[in-house]
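Using the sequences provided together with the hints, build the complete structure.
Protein chains in written order, with our numbering: chain B, 1 to 204; chain F, 205 to 475.
Don't take each hint at face value.
Some chain B residues flagged as far from chain F (calculated, every beta-carbon gap over 10 Å) [said to hold, decoys possible]:
1) K17
2) I126
3) G127
4) A132
5) Y146
Listed next, with one range per pair, are the computed distances between beta-carbon atoms [claimed, not checked]:
6) B:D47 <-> F:Y283: 31 to 41 Å
7) F:K267 <-> B:A36: 35 to 45 Å
8) F:G244 <-> B:G113: 48 to 58 Å
9) B:Q168 <-> F:Y455: 15 to 25 Å
Bear in mind the hints are in silico, worked out from the structure with no lab data behind them. This one's a predicted model, so the numbers in the text were calculated from it and none came from an experiment. Built from N, CA and C at the ideal position, the CB exists for glycine as well.
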Amino acid sequence: MTIFKHNGSAVVAMVGKNCFAIASDRRLGVQLQTIATDFQRISKIHDKLYIGLSGLATDSQTLYQRLVFRHKLYQLREELDMKPETFASLVSAMQYEKRFGPYFCQPVIAGLGDDDKPFICTMDAIGAKELAKDFVVAGTASESLYGACESMFKPDMEAEELFETISQALLSSVDRDCLSGWGGHVYVVTPTEVKERILKGRMD
Amino acid sequence: MLDTTALESFPSLISHGINVAGEISAPPSFQLPNSNDFDGFVKETIQMVKPAKGTTTLAFIFKEGVMVAADSRASMGGYISSQSVKKIIEINPYMLGTMAGGAADCQFWHRNLGIKCRLHELANKRRISVTGASKLLANILYSYRGMGSSVGTMIAGWDETGPGLYYVDSEGGRLKGNRFSVGSGSPYAYGVLDSGYKYDMSVEEASELARRAIYHATFRDGASGGVASVYYVGPTGRKKLSGDDVGELHYHYNPVTPSTVEQEMVEAAGP
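Laid out in structure tokens, this is it:
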């Protein structure tokens, strides 16, 4: 199996009206064997910035730890939280540093920028950024996710409707993938609150 | 030598009708592809089919008969192509076969075995034994050994000597036994099956054990899932006992209890 399919993952982020949602599956596997069903793939950078890392699990954990370090330094020096656009550039640069021995991760970044405008982007393993206005996907179930998001997405959804949409898109896509699933983890972030929810999914 | 009894009904496509001196036309055979590198071609086809056996099937003999169970997922690499594949094949009213490996191989050869069993009944005026049926299949598969077919099947049935269970595969192996599990999910199924097995079980206990074993395999194995089907073969013939969706079965075995809130969500002060 290719290295990206070794652990299995599914991450998706969607933009709503002054809010965003980011969701991932919960499986950690070693090829076909499922090891854990509560693996955290989405992590908080600061209150209005989240990153979901798909791909090889060890690289996503290491990359996350390095990013937290860099962001803490930034906070100390600039006395500010990083804007999502800036953070995306940071991740992209850090990945390109390893161009000839990359981190086998595809990050999905989602945050609220200036004036609480939602921002999402994804990039490949060597830092090619892809900005999108509607949704971004990554992981072994990405092809199914593209199809599901394309058909279910509507612009300017409120937080509750966005939650329903992203959950349905995630669950229906991972149900067609052997290597991801076993539940779901969804964060819906608005300027005033963050709602974290665990999805009940098929455990096969 | 290839077993060509499966091909007798196929007309020879090569020399059809045009026989100059009344010669016997070519014997029935599978058409081989025109290729410069036939050996390389065969190796590649074997590799294409090999990753299969993404499945979980099991069967065991107990006091009341034979219990057979399987999942229903078909996977192509990482993609789930179907969640509703019939992996337990009804060969005849008192014999079942399980499917693991290439779907086409299993379906074709099981149907062929059913034909052979019926011909045996007509020729000998009595039903074929499970021993005989499994031997017929094993001999066919042995003759196609090394050609890339992928079959890991169990033949389970009830004949005059009582319950019978054989494991037959495309390498040509044939084993008689009391408990088998085949497929990528088999280690997980064996764990549950071996620890819960008793010869003196009732039909209900045995079917619950089989169902649980398949459920646990679908939980841990990525290539198994869908529906856990359980069949029973007894003195009166075969019967399907249950077909439960494993997604729902998980929450049946592990009910969700609302947990206490660990962190209170506090409204963040606006900008």
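Closest CB-CB distance from K17 of chain B to chain F, is it above 10 Å? K17 of chain B is indeed farther than 10 Å from all Cβ atoms of chain F, at 17 Å.
Minimum Cβ separation between Y146 of chain B and chain F greater than 10 Å? holds, 14 Å
15 to 25 Å as the expected CB spacing between Y455 of chain F and Q168 of chain B, which holds or is violated: Given about 19 Å between the Cβ atoms, the range holds.
Say whether it holds or is violated: G127 of chain B keeps its Cβ farther than 10 Å from all Cβ of chain F. holds, 25 Å
Tell me if the beta carbons of D47 of chain B and Y283 of chain F are separated by a distance inside 31 to 41 Å. holds, 38 Å
A132 of chain B and chain F, when compared Cβ to Cβ, separated by more than 10 Å: holds, 24 Å
Between G244 of chain F and G113 of chain B, does the beta-carbon spacing fit 48 to 58 Å? holds, 56 Å
Test the statement that I126 of chain B is away from the interface with chain F: the closest C-beta pair must be farther apart than 10 Å. holds, 22 Å
Using the C-beta atoms of K267 of chain F and A36 of chain B, is the stated range 35 to 45 Å upheld? holds, 39 Å
Of the hints listed earlier, there is not a single one the structure fails to meet.
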